[in-house]
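Protein chains in written order, with the working numbering: chain B, 1 to 716; chain X, 1 to 534; chain V, 1 to 251.
Note that these hints are calculated values from the structure, not bench results.
Note that the coordinates shown come from a computational prediction; the quantities given were computed from them, not determined experimentally.
For glycine and all other residues, C-beta sits at the position ideal for the given N, C-alpha and C.
One or more hints might be untrue.
30 Å max Cα-Cα, derived DSSO-like pairs, lysine-lysine [as the list claims (entries may be wrong)]: (1) B:K659 <-> X:K130; (2) B:K506 <-> B:K381; (3) V:K108 <-> V:K179; (4) B:K381 <-> V:K169; (5) B:K659 <-> X:K170; (6) V:K169 <-> X:K170; (7) X:K445 <-> X:K397; (8) X:K130 <-> X:K170; (9) V:K169 <-> X:K160; (10) V:K179 <-> V:K84; (11) V:K139 <-> X:K155; (12) V:K84 <-> V:K107; (13) B:K684 <-> B:K465; (14) X:K170 <-> B:K465; (15) V:K139 <-> V:K84; (16) X:K397 <-> X:K155; (17) V:K84 <-> V:K169; (18) X:K160 <-> X:K445; (19) X:K160 <-> X:K130; (20) X:K130 <-> X:K80; (21) X:K170 <-> X:K155; (22) X:K170 <-> B:K381; (23) V:K84 <-> V:K108.
Listed next, with one range per pair, are the computed distances between beta-carbon atoms [claimed, not checked]: (24) X:E417 <-> V:P176: 48 to 54 Å; (25) X:I144 <-> B:T602: 47 to 53 Å; (26) B:L391 <-> V:P146: 43 to 49 Å; (27) B:T602 <-> V:R7: 43 to 49 Å; (28) V:P176 <-> X:N512: 37 to 43 Å.
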Amino acid sequence: MNIAEFFFLLVLLLSVAGAVISALAPAQWTGRILAICGTSAATALLIAAAIILAGHESIRVDLWRLPVRGMLRLRVDSVSAFFMLALGISFLPAYWFSDGYMRRYLAHYDPRSFNIFFHLLLAACALVLAAGDVISFLLAWRIMSGLATFPITLEHRQDENRRASYLFLAMNEAGIIISTVGLLWMVALAGGHTGFNALHGSLRHISPAARWAIFLIVFFGFSVKAGLIPLSSWLPQAHPVAPANMSAIMSGCLLNFGIYGIVRFDAIILPPISAGPGLVVLVVGALSALIGILYATIDNDMKKMLAHSSIENLGIIAANVGMGMVFTAYHLPVLAAIAYVVAMYHMINHSAYKTLLFIAAGAIDQQTGTRDMNQLGGLLKRMPMLAALFLVGALAIAALPPLNGFVSEWLTLQTILRSEEFTSHFSRVVFALCGAGLALTAALAVTCFVKAFAMSFLGPAHSEKASRALEPAKSARISMAILALACILLGIGPTWVIPTINRAMKPLAANLAANALVPPFFSHPHGNKDFSPGFMHDFAHIGAGIGRNIIPARGLVVLHQGGKSNPVVYAMSTFYMVGVLALIIFTTWLFVRWGTRRRTITISEPWAGGLRRLAPDMTYSATGFSNPVRVIFRSIFGPAIREDSSTAVAGHFRTAISKQRDDGYIVDRLFLRPLTATVNYAAKLLAKIHKPGMVNAYAAWVLAVLLVILVINRLL
Amino acid sequence: MNQPLNHIDQQIPIALRDELGDRVSGIVELESGLLLAAVCRADALPSAVAWLVEQRKYRFATLVVQALPSGDQLDYWFYKPDNGPWVKLSVRLSSDAREVPSVSEQVHAVDWHERQAEDLFGLVFTGHPKLGDFVLHEEWPEGINPMRPEFNVFKPMVEKEVDPQWRPEKILHTPGAFLMPIGPVYSDYAESAQFFLETVGEDVVRMIPRFFFKYRGVERLAEGRSVREVLLMVERFSGTSAVAHATAFCRSVESIGQVAIPPRAEALRLVAAELERIRHHFGLLSDMCHSTGMIVPSADIDIMEEEALRLSAQWAGHRYLYGLIAPGGMARDFSQSDMALLIAQVSRLADDARLLYERLQFTSSFLDRFEGVGVVPNTNAQRLGLVGPIARASDFKTDLRVHAPYGLYRQCPLEAEALESEGDGYARIRVLFAEVFSSVELINKAMANLPTGAVITPVEAVVAGEALGSVEAPKGAAFHFVRMGGDGRVARLQMATPSFTNWHGFHLAAENFAFQDFPIMMASFGLSIAESDR
Amino acid sequence: MFGWFLRGAGSRVKTTRYPPEFDSNVGISPGRPIATQFASSQEADNAAVQCPTQAITAHDNMADINVSRCVHCMACSHGEAAMKWQNDYDWATLSGAGASTTTRPFKKSLHIRLVDSGSCDAVIQEIKQLAKPYYNMHKLGFFITPTPRHADVLMVAGPVTSHMRLALKKTYDAMPGPKWVLAVGNCAISGCVFAPSFMAAGTVSSVIPVDVQVPGCPPPPLAILHGLLVLTGRAQEAPPHVTTTIAEVPL
Ligand code: SF4
């Protein structure tokens, strides 16, 4: 057993131990146990992942041989290790946060069962990533999905919660069934090999039609887990009802498993040979991003808003994966590598800031009793620490420099512009449209999080409870601080992060992305064999020599090094940007301080046109802030007017105008509801055909189905 | 009202008697049949009013409340366009009674008059769904009514403690709805008033106006003062239509004192009133141009406005024509050269205006902002009893110069009332320009055969009595009720001003508009707070 | 659009040359009565009686005038007992103790917030005129601003009605210092014909300290401009209110 394996075993043992202790210990200890056992397990996981990523060790364990389908293997390669890193980043603070947070449930619910499942969830997640063959992967996946359902229903006495968890369960089960079909088909086509490496090797020569079919089945199966359009309905339902630590996990790492599945099976094991599959992924991703952010912008429930924003972020990740697949198919390995690296970069960013924001939302909910942004406001003064940490998360997710969201979104947009290298006009057009969609998404994300921050933390408190809220428990603040630090580090250190991710993504990216994105010209002024002397010479002009003396690392993120057709260099450095920003802010501050040194400061109430008192309901509400978006994208929201009436006395004096409208979820409207209606209709039709006792008819049906299967099999 | 009309509808008194039967009593014809006064039983009031307005097409003029020693008396004044005597329905309350049935369901124009009487007299209009917080704001102590005789006018008001939670009643119920407060101190030059916009962001569903920030209590201050002193206030409470209000007031006083004013004074009054109208309309048009940011046209019209002001000062000594109208005629006479100057200048201004109007009609960026903005459909204009250019832009005929002519307007009638049908901002612009041109014509006509002779009939001590004087002020119909006490002093003054009438209509007409249209709408209605608040 | 440009470029300069030149165009000001010597004390008494606001007081054959009471009723401008009229407009005065002119930085750039505390609208129209082509106060560095937060000067018109008192105070408090107050029109100075009464304080100075007052009902634009110039120390204030000397001023 090597060290990585030891730590991995530790993860499993600690999780199980946590579960056992939880079952035995009194309910009051719940939070503490999570904080101690859970956090140590997550730390062990991080260590194991780090060791593997550093390239020293890997995990190769053969468990036991199944009677029919070969060996159950644990294999952790660098890709899995990277996903484990994201897992740890999300789980560690979520566990730590539980310490103070679980107390709120003690009065009404017994959180012990929650605790057991929450502990085991980490082990199951780790096992999914460690699975080295299809069978153990499916088994672990099964367990993980089952375990995840229970923590959502902690507050099981509320109808809404039960409904949401049923939806979660149903859609995830459907996803599992679909992907199981796809994976088993793969195994069948590969002649019974189940190991990932063996699969990769033996699937090389299957027919294009089978490729397409497998791709579609696997992609849509896993896209349920990733919450991509059109299979995202469960996400905005399940997130708000789950306890905040669970929603943080769901958004921060469970969604990543969908991406893992897509990357593992659609990109690594069965790499695309035509642009089609990649374009599908790209379009689905871009659509998810746009739809996700639109709903996030207009939603006033903080957790629901975050859930919609998760759809958006997963959409961006999927779009990058899709781009990677298209570039692979067009034999542009450098660009493909960049796209995959950016996808992973965005994924880990999302894990960091979304966990942070969910924890913040949970803390706000705990302290004010509401998640409705129309009821919040003025929290900046009541909880300045939380506000500062939330602001970091909000700026990061809104993709503002120098935080991590900016780096990955900027790289995404830059990558999508590289479609100029294609010969196919169709692909170019798709890329252009998706690029426009993603750009709009980025702009709306700013609106969305300006609203979230402004309506919750600024202005007057819109409810009694919000005006009396206090700073959350220390555990919440510490866990958020860890994540905020992660956001900042990931933001200012892309030149270190990108090579690391590149190393992790070796099966897909070789060593191409790092060299292309962060050329090492600072450390090698001349003579680097990857770069032409002319190129190095050009960079020497723009200060490469100076940079070498200041920071001993790759200093710039360069996306376009200037070709013959387009001799422009796109480059940026958040690291330098921070330096310059800090300098500017500091000098401005000094200047202002100097200029105003003799001023007296008077604090007076806000100017409201001489109004006697500016009441909170005379200031912008969250609904009002996002109303322009609601009006502009009316056709997408397809609002259902529930009530529009005015109560009048004799037609002149109106005593009440009442307007109620529900914004329908476009996915439900266009996909889920027609689907269920069709299934219902088909079922009724079948019920009509199905007359009890007609054995002949049954036999005919069975024959017909068999025939169809044979024909399909023949065709493939 | 001191000269009989030609075609009085003789049927009205008979019909009134027949239809209303026992509900009214003591129908008398006053002022040679021009005024029918009847006393109405309080409970029969709504049906009587409804019959007058719906069956007989009468229009509501004003509600005059008088706190008499015998008990409160409420006079509902109505007039009929074109022909027909004015009607005054009186309700007399016993000395301690305070309750009257509300008629604003039947005639919506009475709404604000009732709310005003509720605040000022402490009357209760049963069935009115919205009383309180109107003239007197939240800081005014409960149960004190400034128009009651026992109230001390010279004791400064003591503010009461205001509930910090106080706010106007919100009627929009939708998640996330909020009140956007505007004012009372807002915009660059706006008069003080407050508007709460009920909105969910972007689209304003409804507007809650709050007025009377500028309430100076002119009507209360007038009580017990001499005609000369009251005239100063009547001129100055709304300085931009001083001539109109002074004329209305003087006409009431003259009617009480049975004074016939000299023909030359009648002609000069018409000239002064039309000059004021021209200047006033220039002011409104300038505000409209400014609200759309059209710099050159607004500069053009600003220049015309200032030139009209200078002309006024040159002609009559004062830029806003203060001190020109006097009870019995005019305060001063004018020489031939004064009049020649006036005619020349006014015609020049009209030419300039015509040029500007033609240019504006071809400026799409200007028209776009006004077309379809602040639309008042004709039905609404009628229902709310709007007056003035706003009503006429909605094809609602209300010009008193035509429909209840007074003074020289009888001999020298307005050719045609300026009417438009769209009821939007652009229609109002067209009405304003058309009125400027017709005013110039009127001035020319009146000057063509200007009578000679005295300009004032000295008004001796005015006897006790009451009368309602009406004029078409620049903003619309104005009614001044005056009751003189036996001591030659004013015992009661009640002014129903066009801005008061139209603000009531405006806040109901302005619904479901985009927030950025608000300033343009305000400018296109061009109403005055000073005139409404008194 | 281009047509408007040509129209704007083609029209003459209308703006007054005041300051520094005295603007003697007819109609820019109604003028105001000044102390007048009559032939007999009887005539002086007649002059005093005709004033409805007791702005004219007679002693011997002199009729003195208190301009802060004069409401421009024009009664003494014509007829047998007419007073002498002076067609000027530089009427603004510093308002007694505590009044100050602006400090140096504000001399050439002053931002003004207007508060209507119950005015008659005519005075607002006259203030509006200041920003219009004929007067164009912008060339002198005076600007109207919609928020008191940017304002250096509060211009108040009207007799300060009870309902506006709070708003006026709030506006004054919302202004950053240093700040000055200009009371425009007789209503703001003395309450004119409306105050003091149950609904109006009558003077702005009873609510907030006033620095410069501009009499007139309404004061013509140039009088208000003179007020601003006095406030910034760029013009001499008018002689005191009660004039007892007979000044033969050429018109
Ligand atoms: S103009 Fe002035 S001074 Fe002359 S009478 Fe009128 S108020 Fe008195």
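Legend entry - Ascending list of hint numbers which this structure does not respect: When the structure is compared with the hints, numbers 2, 10, 11, 12, 13, 15, 16, 17, 18, 21, 23, 25, 26 turn out to be violated.
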